[in-house]
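A.B. asks: If you're matching them up, the sequences are chains A and B in order. Going left to right, the first sequence walks through residues 4 to 321 as the numbering used here numbers them. Going left to right, the second sequence walks through residues 593 to 847 as the numbering used here numbers them.
Careful, some of the hints might be misleading.
With a straight-line cut-off of 25 angstroms between C-alpha atoms, the simulated PhoX-like cross-links for lysine-lysine are [stated by the list, open to error]:
| hint | chain 1 | residue 1 | chain 2 | residue 2 |
| --- | --- | --- | --- | --- |
| 1 | B | Lys600 | B | Lys615 |
| 2 | B | Lys675 | B | Lys763 |
| 3 | B | Lys717 | B | Lys682 |
| 4 | B | Lys682 | B | Lys667 |
| 5 | A | Lys205 | A | Lys111 |
| 6 | A | Lys205 | B | Lys682 |
| 7 | B | Lys763 | A | Lys111 |
| 8 | B | Lys713 | A | Lys205 |
| 9 | B | Lys717 | B | Lys763 |
| 10 | B | Lys682 | B | Lys600 |
| 11 | B | Lys840 | B | Lys615 |
| 12 | B | Lys717 | B | Lys600 |
| 13 | B | Lys717 | B | Lys670 |
| 14 | B | Lys600 | B | Lys763 |
| 15 | B | Lys682 | A | Lys111 |
| 16 | B | Lys713 | B | Lys763 |
| 17 | B | Lys713 | B | Lys682 |
| 18 | A | Lys205 | B | Lys675 |
| 19 | B | Lys670 | B | Lys600 |
| 20 | B | Lys717 | A | Lys205 |
| 21 | A | Lys205 | B | Lys840 |
From the derived model, a few chain B residues whose C-beta atoms are all more than 12 angstroms from chain A [said to hold, decoys possible]:
| hint | residue |
| --- | --- |
| 22 | Ala611 |
| 23 | His646 |
| 24 | Ala652 |
| 25 | Ala753 |
| 26 | His801 |
| 27 | Val846 |
Just some of the chain B residues that point at chain A, by a computed CB distance under 10 angstroms [to be verified]:
| hint | residue |
| --- | --- |
| 28 | Leu647 |
| 29 | Gln649 |
| 30 | Gly653 |
| 31 | Leu671 |
| 32 | Tyr672 |
| 33 | Leu674 |
| 34 | Asp676 |
| 35 | Met688 |
| 36 | Arg692 |
| 37 | Lys713 |
| 38 | Ala759 |
| 39 | Met760 |
| 40 | Met803 |
Quick caveat, the hints were computed from the structure, so don't treat them as lab data. By construction, the Cβ of each residue, glycine as well, lies at the ideal position given by its N, Cα and C atoms.
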Amino acid sequence: MTDKFDKEPADAPSSGSAGTATAVPAEAIRAIPVRHYGRWISAVVVVAVLAALVFSFSQGDVRWATVPEKLFDHSILTGMWHTILISVLSMLMGLLLGVLFAVMRLSKNPVTGGVAWLYIWFFRGTPVYVQLLIWFNLALIFPVLNLGPIYKNNMVDVMTPFVAALLGLGLNEGAYMAEIVRAGIQSVDEGQTEASHALGMKQGQTMRRVVLPQAMRVIIPPSGNEFINMLKTSSLVVAVQYQDLLRSAQDIAASSFATMEMFFVASIWYLALTSVFSVGQYYLERRFARGSLRSLPLTPWQKIKANLSTLRRPEVAR
Amino acid sequence: MTVQPMVKAEAVHKSFGLAHILKGIELEVAPREVFCLVGPSGSGKSTFLRCINHLEQINAGRLWVDGELVGYRQKGDKLYELKDSEVAAKRRDIGMVFQRFNLFPHMTAIENVMEAPMQVKGESKATARARAERLLDRVGLADKAANYPSQLSGGQQQRVAIARALAMEPKLMLFDEPTSALDPELVGDVLDVMRGLAEDGMTMIVVTHEMGFAREVGDALVFMDDGIVVEAGNPRDVLNNPQHDRTKAFLSKVL
Numbered sequence: 004m005t006d007k008f009d010k011e012p013a014d015a016p017s018s019g020s021a022g023t024a025t026a027v028p029a030e031a032i033r034a035i036p037v038r039h040y041g042r043w044i045s046a047v048v049v050v051a052v053l054a055a056l057v058f059s060f061s062q063g064d065v066r067w068a069t070v071p072e073k074l075f076d077h078s079i080l081t082g083m084w085h086t087i088l089i090s091v092l093s094m095l096m097g098l099l100l101g102v103l104f105a106v107m108r109l110s111k112n113p114v115t116g117g118v119a120w121l122y123i124w125f126f127r128g129t130p131v132y133v134q135l136l137i138w139f140n141l142a143l144i145f146p147v148l149n150l151g152p153i154y155k156n157n158m159v160d161v162m163t164p165f166v167a168a169l170l171g172l173g174l175n176e177g178a179y180m181a182e183i184v185r186a187g188i189q190s191v192d193e194g195q196t197e198a199s200h201a202l203g204m205k206q207g208q209t210m211r212r213v214v215l216p217q218a219m220r221v222i223i224p225p226s227g228n229e230f231i232n233m234l235k236t237s238s239l240v241v242a243v244q245y246q247d248l249l250r251s252a253q254d255i256a257a258s259s260f261a262t263m264e265m266f267f268v269a270s271i272w273y274l275a276l277t278s279v280f281s282v283g284q285y286y287l288e289r290r291f292a293r294g295s296l297r298s299l300p301l302t303p304w305q306k307i308k309a310n311l312s313t314l315r316r317p318e319v320a321r
Numbered sequence: 593m594t595v596q597p598m599v600k601a602e603a604v605h606k607s608f609g610l611a612h613i614l615k616g617i618e619l620e621v622a623p624r625e626v627f628c629l630v631g632p633s634g635s636g637k638s639t640f641l642r643c644i645n646h647l648e649q650i651n652a653g654r655l656w657v658d659g660e661l662v663g664y665r666q667k668g669d670k671l672y673e674l675k676d677s678e679v680a681a682k683r684r685d686i687g688m689v690f691q692r693f694n695l696f697p698h699m700t701a702i703e704n705v706m707e708a709p710m711q712v713k714g715e716s717k718a719t720a721r722a723r724a725e726r727l728l729d730r731v732g733l734a735d736k737a738a739n740y741p742s743q744l745s746g747g748q749q750q751r752v753a754i755a756r757a758l759a760m761e762p763k764l765m766l767f768d769e770p771t772s773a774l775d776p777e778l779v780g781d782v783l784d785v786m787r788g789l790a791e792d793g794m795t796m797i798v799v800t801h802e803m804g805f806a807r808e809v810g811d812a813l814v815f816m817d818d819g820i821v822v823e824a825g826n827p828r829d830v831l832n833n834p835q836h837d838r839t840k841a842f843l844s845k846v847l
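Chain A on its own, in the form it takes in the complex (with noise of 0.2 angstroms):
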């Protein structure tokens, strides 16, 4: 048997000098792949669970017609702009303030420096939750707010919910901007900062023009989590009576009854956002790693347009 097997390869290249490279055929290898068994077994498995997960929903007392009846109602479109509103103009105020107790943490006076650390220590340490009734409820120990001869009215005309909302959401999401922004202050080399102090450069100018571009590499991945983040915590200002996305639907849920089909279409709603700011972060990272890779990769799109050029070519070859 040994015998015969041996000799079949060393038959084959013409020139007879076995042993050599061109015993190996150029041709190339048409092997028997390796049966996965157990990846088919997981895949039917992970199936089957679906299907009854599917099939339970489609049995379950849920008027479907009501989804895409209220999916487009005019309330819910308004609930939506405002969750992207305060969303927005939170996160915004969180990146500021960021920006602001970052610097101040990073400075060299211990007083701004220990104040920063408070503003996170308190802001990162309470629920928004809570942050957001103590807004809401500073009527109660403040009724009046005084603010000498500039400003002076009731406590509770001043703290609407969008106020409440806007303080709550935006002042905890400073303390959270504040530490991404250090961490990416602090991992741009020191080398930088003294190439850019040796060109004359002062502080300032140095650390806009050469620290933060470079921070932001650090800063925007995980700003646009914390962004993707706050489209949904938003939905905790209904405690401060805030008409966001979950309130309208929970008003329509109130007087339809139909509770369950009102979150579904609340959910659809938050899906579509958090999905659509996604692909913004994916292109604002890329706009922002200039520089650190050798070549960009392709953008999705790019990467169909180029499959689409390699499943042409066999084709031609044929």
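Following the hints, put chain B in place on chain A, whose structure we already have.
C.D. replies: Just chain B, lined up with the frame of chain A:
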């Protein structure tokens, strides 16, 4: 003999915490001179170089650049610390090249060279670009202007860094081991650029382990060890015929 030295150090001391790095440096660098600083690592040569443009603050002694005190203003017999903006203004005239290049990675080669003239001197983009193109051409990298540093070799990055420093039209150039981080075959290109600068009469202080460069291009050489100047003189004399035992021991290892 009345020529004012470009750099003058008198009893310069520098400590980091308990580590006493510079222990009384005395030296003078004449204008248009190529001044080489050699010595073992940890001898304080890089620290001294960084004191010259006030990246480090000296603890004792006096240090002058072009007749002006570094980091301080003297009124009567009192010294006043300079403000950050005043320190920055003085650094404009002193170029520095680092061992690790320290190019700005988020800017292309030409943007690196244009940045300081535009930000610090308020130059127009067109003026800065024209000068940057000229300088990149001078260091042999005119065709790499649009490349990011990550797309350049170490030797090319270091030449861009030299062009970046030259863009401020400095009266003094500091080189902190400019070829130490380079592959051996890339060292020559950088040294060629420095040789050209020396021929044009730039005052240069070069911390280096390239004894060949010191011998060929250097006008003066100082051997430092353990925070003091051990031996100084003409590079050819010091390198060929060292007087001090410590100099002899060091040179026997590197030559």
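A.B. asks: Next, verify each hint and record whether it holds.
C.D. replies: Outcome of the hint check:
1. B:Lys600 with B:Lys615: Holds, at roughly 16 angstroms.
2. B:Lys675 with B:Lys763: 22 angstroms, holds
3. B:Lys717 with B:Lys682: Roughly 23 angstroms separates the two Cα atoms, so the pair holds.
4. B:Lys682 with B:Lys667: This hinted pair holds, its Cα atoms lying about 18 angstroms apart.
5. A:Lys205 with A:Lys111: 16 angstroms, holds
6. A:Lys205 with B:Lys682: 11 angstroms, holds
7. B:Lys763 with A:Lys111: 32 angstroms, violated
8. B:Lys713 with A:Lys205: 12 angstroms, holds
9. B:Lys717 with B:Lys763: 23 angstroms, holds
10. B:Lys682 with B:Lys600: Answer holds: B:Lys682 to B:Lys600 is near 16 angstroms, not above 25 angstroms.
11. B:Lys840 with B:Lys615: Distance of about 21 angstroms is within 25 angstroms: holds.
12. B:Lys717 with B:Lys600: Violated - the C-alpha atoms of B:Lys600 and B:Lys717 are around 36 angstroms apart, more than 25 angstroms.
13. B:Lys717 with B:Lys670: 42 angstroms, violated
14. B:Lys600 with B:Lys763: 15 angstroms, holds
15. B:Lys682 with A:Lys111: Roughly 23 angstroms separates the two Cα atoms, so the pair holds.
16. B:Lys713 with B:Lys763: 15 angstroms, holds
17. B:Lys713 with B:Lys682: Holds, because 12 angstroms separates the two Cα atoms, which is no more than 25 angstroms.
18. A:Lys205 with B:Lys675: With Cα atoms ~11 angstroms apart, A:Lys205 and B:Lys675 stay inside 25 angstroms; holds.
19. B:Lys670 with B:Lys600: 20 angstroms, holds
20. B:Lys717 with A:Lys205: Satisfied, since the Cα-Cα distance of roughly 19 angstroms is no more than 25 angstroms.
21. A:Lys205 with B:Lys840: Distance ~43 angstroms between A:Lys205 and B:Lys840 Cα, so the pair is violated.
22. Ala611: 18 angstroms, holds
23. His646: 9 angstroms, violated
24. Ala652: Non-interface label stands for B:Ala652: nearest chain A Cβ at 23 angstroms, farther than 12 angstroms.
25. Ala753: Its Cβ does come within 12 angstroms of chain A, the nearest being 8 angstroms, so this is violated.
26. His801: Fine: 20 angstroms to the nearest Cβ keeps B:His801 off the interface.
27. Val846: Fine: 26 angstroms to the nearest Cβ keeps B:Val846 off the interface.
28. Leu647: Check passed: Cβ of B:Leu647 comes within 6 angstroms of chain A, closer than 10 angstroms.
29. Gln649: 13 angstroms, violated
30. Gly653: Hint on B:Gly653: violated, closest Cβ of chain A at ~22 angstroms, above 10 angstroms.
31. Leu671: It is violated, given that the least Cβ distance between B:Leu671 and chain A is near 21 angstroms, above 10 angstroms.
32. Tyr672: 19 angstroms, violated
33. Leu674: Check failed: Cβ of B:Leu674 comes no nearer than 13 angstroms to chain A, outside 10 angstroms.
34. Asp676: 6 angstroms, holds
35. Met688: Nearest chain A Cβ about 4 angstroms off; hint holds.
36. Arg692: Result: holds, 6 angstroms to nearest chain A Cβ.
37. Lys713: Because about 8 angstroms separates B:Lys713 from the closest Cβ in chain A, which is inside the 10 angstroms limit, the hint holds.
38. Ala759: With a minimum Cβ separation of about 8 angstroms from chain A (threshold 10 angstroms), the hint on B:Ala759 holds.
39. Met760: Cβ of B:Met760 sits 6 angstroms from chain A, so the hint holds.
40. Met803: 26 angstroms, violated
The structure fails to meet hints 7, 12, 13, 21, 23, 25, 29, 30, 31, 32, 33, 40 from the earlier list, while all remaining hints are met.
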